[in-house]
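Given the coordinates of chain A, work out where chain B should sit on it, guided by the hints.
Going down the list, the sequences are from chains A and B. Take the first sequence: its letter number 79 is residue 79 in this note's numbering, and every next letter is one higher. Take the second sequence: its letter number 91 is residue 91 in this note's numbering, and every next letter is one higher.
Just so you know, the hints here were simulated from the structure itself, not pulled from any lab data. All figures in this text were calculated on a predicted structure; none of them were measured in a lab. Don't take each hint at face value.
What the hints assert, rightly or not - No more than 25 Å apart at the CA atoms, straight line, and that leaves these computed lysine-lysine pairs for DSS-like:
{"hint": "1", "chain 1": "B", "residue 1": "K4", "chain 2": "A", "residue 2": "K152"}
{"hint": "2", "chain 1": "A", "residue 1": "K121", "chain 2": "B", "residue 2": "K4"}
{"hint": "3", "chain 1": "B", "residue 1": "K7", "chain 2": "A", "residue 2": "K155"}
{"hint": "4", "chain 1": "A", "residue 1": "K121", "chain 2": "B", "residue 2": "K126"}
{"hint": "5", "chain 1": "A", "residue 1": "K152", "chain 2": "A", "residue 2": "K137"}
{"hint": "6", "chain 1": "A", "residue 1": "K121", "chain 2": "B", "residue 2": "K165"}
{"hint": "7", "chain 1": "B", "residue 1": "K232", "chain 2": "A", "residue 2": "K152"}
{"hint": "8", "chain 1": "A", "residue 1": "K152", "chain 2": "B", "residue 2": "K6"}
{"hint": "9", "chain 1": "A", "residue 1": "K137", "chain 2": "B", "residue 2": "K232"}
{"hint": "10", "chain 1": "B", "residue 1": "K6", "chain 2": "A", "residue 2": "K155"}
{"hint": "11", "chain 1": "B", "residue 1": "K126", "chain 2": "A", "residue 2": "K155"}
{"hint": "12", "chain 1": "A", "residue 1": "K121", "chain 2": "B", "residue 2": "K5"}
{"hint": "13", "chain 1": "A", "residue 1": "K155", "chain 2": "A", "residue 2": "K121"}
{"hint": "14", "chain 1": "A", "residue 1": "K137", "chain 2": "B", "residue 2": "K5"}
{"hint": "15", "chain 1": "A", "residue 1": "K281", "chain 2": "A", "residue 2": "K262"}
{"hint": "16", "chain 1": "A", "residue 1": "K137", "chain 2": "B", "residue 2": "K4"}
{"hint": "17", "chain 1": "A", "residue 1": "K152", "chain 2": "B", "residue 2": "K5"}
{"hint": "18", "chain 1": "A", "residue 1": "K137", "chain 2": "B", "residue 2": "K263"}
{"hint": "19", "chain 1": "B", "residue 1": "K232", "chain 2": "A", "residue 2": "K106"}
{"hint": "20", "chain 1": "A", "residue 1": "K155", "chain 2": "B", "residue 2": "K5"}
{"hint": "21", "chain 1": "B", "residue 1": "K7", "chain 2": "A", "residue 2": "K152"}
{"hint": "22", "chain 1": "B", "residue 1": "K7", "chain 2": "A", "residue 2": "K121"}
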Amino acid sequence: MTEARKHRSETKMVPVPSHSIVPERDVNEIPVLETRHLGIEFGGLKAVDDFNLTIGRTEIAGLIGPNGAGKTTVFNLLTKVYEPTSGAVLLNGQDLHGMTIVQASKLGIARTFQNIRLFDKMTVEENVRIGLHNQIKYDMLSGILRLPRYWKQEKRQHERAMELLDIFGMQDLADEVSGSLPYGAQRRLEIVRALATDPRLLLLDEPAAGMNPHETEELMENIAKIRDQFQIAILLIEHDMSLVMGVCEGICVLNFGRVIAKGTADEIQANPDVIEAYLGKKKEGGK
Amino acid sequence: MKAKKKKLIYNSVTFGLVIAAFLICQLLLSTGGMSRSFRGQLIPICCWIVMAVSLNLVVGISGELSLGHAGFMSIGAFTGIIVSGWMQRAFQMEDPVLRLVLAMVIGAVLAGIAGALIGIPVLRLKGDYLAIVTLAFGEIIRNLIDCLYVSVDGQSLRFGFLNNKLPGDLLMNGPNGAVSVQTIATFTAGFVLVIIALIIVLNLTNSRSGRAIQAIRDARIAAESVGINVTKYRMMAFVTSAMLAGAAGALYGLNFSTLVAAKFRFDQSINVLVFVVLGGIGNTMGSMIAATALTILPETLRDFGQYRMLAYAVVLILVMLATNNPLARAFFGRIFAPVKALFRRKKPAEPDLKGGDAK
Chain A
1 MTEARKHRSE TKMVPVPSHS IVPERDVNEI PVLETRHLGI EFGGLKAVDD
51 FNLTIGRTEI AGLIGPNGAG KTTVFNLLTK VYEPTSGAVL LNGQDLHGMT
101 IVQASKLGIA RTFQNIRLFD KMTVEENVRI GLHNQIKYDM LSGILRLPRY
151 WKQEKRQHER AMELLDIFGM QDLADEVSGS LPYGAQRRLE IVRALATDPR
201 LLLLDEPAAG MNPHETEELM ENIAKIRDQF QIAILLIEHD MSLVMGVCEG
251 ICVLNFGRVI AKGTADEIQA NPDVIEAYLG KKKEGGK
Chain B
1 MKAKKKKLIY NSVTFGLVIA AFLICQLLLS TGGMSRSFRG QLIPICCWIV
51 MAVSLNLVVG ISGELSLGHA GFMSIGAFTG IIVSGWMQRA FQMEDPVLRL
101 VLAMVIGAVL AGIAGALIGI PVLRLKGDYL AIVTLAFGEI IRNLIDCLYV
151 SVDGQSLRFG FLNNKLPGDL LMNGPNGAVS VQTIATFTAG FVLVIIALII
201 VLNLTNSRSG RAIQAIRDAR IAAESVGINV TKYRMMAFVT SAMLAGAAGA
251 LYGLNFSTLV AAKFRFDQSI NVLVFVVLGG IGNTMGSMIA ATALTILPET
301 LRDFGQYRML AYAVVLILVM LATNNPLARA FFGRIFAPVK ALFRRKKPAE
351 PDLKGGDAK
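The following block holds chain A by itself, in its conformation from the complex (with noise of 0.2 Å):
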């Protein structure tokens, strides 16, 4: 654990108003996110329930729980899949309530999926061009036309494009098609496209699935490498415990739909709770 841990800058993490903790950096600004009382029912059937959250405008935060406990769900509602049947989502200090998904990320909040969802029949380049949409634009009669504008704005979201494939070191790949990549490289494709959205919060749904520990240890070199960079906020949902007590900073953990715990990684780890939701009750002893 002590090897893996090393990517956590050792952050000092402070209480906030809302009974959550954000990095002592942040503290003087805007939360990137805060959810407050958010919940959402299907059919009488709580979801998620009382979700409270803040996360810092540079941190690296965790979302964590057994299976089912809604935590996709909590992705859902925060990117606007789903409206919520109670509570609110700030980004940035504003509500997001009755938003699309397309405004959500318009306001800057971009993620993956857990099931990767690539244009696969397209190139790389293509799938991050894509994520470019609204950041290089020319509109569609230049496109047709090919007037000067389109040359233009390819060229740079050509340019942009090579850049971004570049932290991944991917450039290499930019012609190949995307359904045709190997799985982990498609992952970090799915990450690639959502940071080309120019976000403000990354929300990344089981990034290691299917990585073997050498990719893991990698993955977790470059989300906290993607932070500096970018300066941005990360929310990571993840099974992989290594990486979570690795590389993020402050973490929540859900449990049938409520947070049972939040914390930095030590106070996660000592949590009785939390231990009691993922191996169960101990059994109290003669009684």
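Coordinates of chain B only, in the frame set by chain A:
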């Protein structure tokens, strides 16, 4: 560079093929080496090519199943006939080229407007539902045109719905369709239209908007999550396709001296879909070739007499089997292998896919 180069080659071959076919046809026309029946087919072939290319934009690039394409074609056809007749009779515009261009442009615009009006409610639907609703819209358009009477009275157009007592010179006579149309469509116009349709569809595909359209097709939720407005881009593909169909319709309509709305029944929509499917969904060149082949085929099967359409269906089934059966594909692959090898020889070895991953 691999994928980009492939695309460039594909596009040049597509354009090259069209230009070569046009030149050959022109040569045959000037030397008189073309049969009469085939000569009559040239313009319809161009129209059906444009129809196939435009439907491919919806079915192949945008990934929606639309069965109302003949409806847009009929809007273009009758608009074109009305515009051409009106211009000639009311404004003494005798220049056929100008009238044809005007007819095609206005036909395209009206078909595009119809596409937008239909698209607003319909594009909320997905898959089979979209197919059924577009089919119904195609039929509604045909039935409306069946009840439409249009005449030129002095300088103005008069419209009547279920009312055939219009003053002036009748252009459209309800269920009897358009009458005494001056056939001003030319093969050259058809060729130009095909080229324009190809430029629009291929350039659109390789641009920001086209990539957005394809992104929605491949992974809708992911496309939305990177900020692509799904409705806008589905609409863009649908309306562009409708406009091309309208222009093709105008050309088609001005190729016959009479035209009835029954010509654009829903089996015509299915026919165009067959071109697209047979040519390979999303493959523009393929749908062009399929449109040409399947327009000529029924004519060449005239020897079969009454069994003509039966033979047509059998040929269709055989071709579908041949192009989709892995064994048959391998067989054709072996035949064409020496040709392909000619192009491949000088290329460097394929880059190792796994190489980039392992670092």
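For each hint, the structure was consulted:
Of the pairs offered as hints, the one joining K4 (chain B) and K152 (chain A) holds, with about 18 Å between alpha carbons and a cut-off of 25 Å not exceeded. Of the supplied pair hints, the one linking K121 (chain A) and K4 (chain B) holds, its CA atoms being roughly 14 Å apart against a limit of 25 Å. Between K7 (chain B) and K155 (chain A) the CA atoms are separated by roughly 17 Å; this keeps the pair inside 25 Å, and the hint holds. Pair hint K121 (chain A) plus K126 (chain B) holds up; C-alpha atoms about 20 Å apart against a cutoff of 25 Å.
Proximity of K152 (chain A) to K137 (chain A) is assessed by CA-CA distance (about 10 Å); at most 25 Å being required, the pair is judged to hold. Between the alpha carbons of K121 (chain A) and K165 (chain B) the distance comes to roughly 57 Å, so the proposed pair goes past 25 Å and is violated. With a CA separation close to 24 Å, the supplied pair K232 (chain B) and K152 (chain A) stays within the 25 Å bound. About 22 Å separates the Cα atoms of K152 (chain A) and K6 (chain B), which keeps this hinted pair within 25 Å; it holds.
The suggested pairing of K137 (chain A) with K232 (chain B) holds, with an alpha-carbon distance near 15 Å, which does not exceed 25 Å. About 19 Å separates the Cα atoms of K6 (chain B) and K155 (chain A), which keeps this hinted pair within 25 Å; it holds. Simply put, K126 (chain B) and K155 (chain A) have alpha-carbon atoms about 35 Å apart, too far for the 25 Å limit, and the pair is violated. A distance of roughly 16 Å separates the Cα atoms of K121 (chain A) and K5 (chain B); the hinted pair therefore holds under the 25 Å criterion.
A hinted pair counts as satisfied when its Cα atoms are at most 25 Å apart, and K155 (chain A) with K121 (chain A) qualifies at roughly 22 Å. Between the alpha carbons of K137 (chain A) and K5 (chain B) the distance comes to roughly 24 Å, so the proposed pair stays at or under 25 Å and holds. Straight-line distance between C-alpha atoms of K281 (chain A) and K262 (chain A) comes to about 20 Å, which keeps the hinted pair within the 25 Å bound. Between K137 (chain A) and K4 (chain B), the direct Cα distance comes to roughly 21 Å. Compliance with the 25 Å bound is thereby established for this hinted pair.
Taking the CA atoms of K152 (chain A) and K5 (chain B), the gap is near 20 Å; set against the 25 Å cutoff, the hint holds. In summary, the hint linking K137 (chain A) to K263 (chain B) is not supported, as the alpha carbons are separated by about 43 Å, beyond the 25 Å threshold. Between K232 (chain B) and K106 (chain A), the direct Cα distance comes to roughly 16 Å. Compliance with the 25 Å bound is thereby established for this hinted pair. At most 25 Å may separate the alpha-carbon atoms for a hinted pair to count; K155 (chain A) and K5 (chain B) meet this at roughly 16 Å.
Using a Cα cut-off of 25 Å, the hinted pair K7 (chain B) and K152 (chain A) holds, with the two alpha carbons roughly 20 Å apart. Between K7 (chain B) and K121 (chain A) the alpha-carbon distance is near 13 Å, which keeps this suggested pair within the 25 Å criterion.
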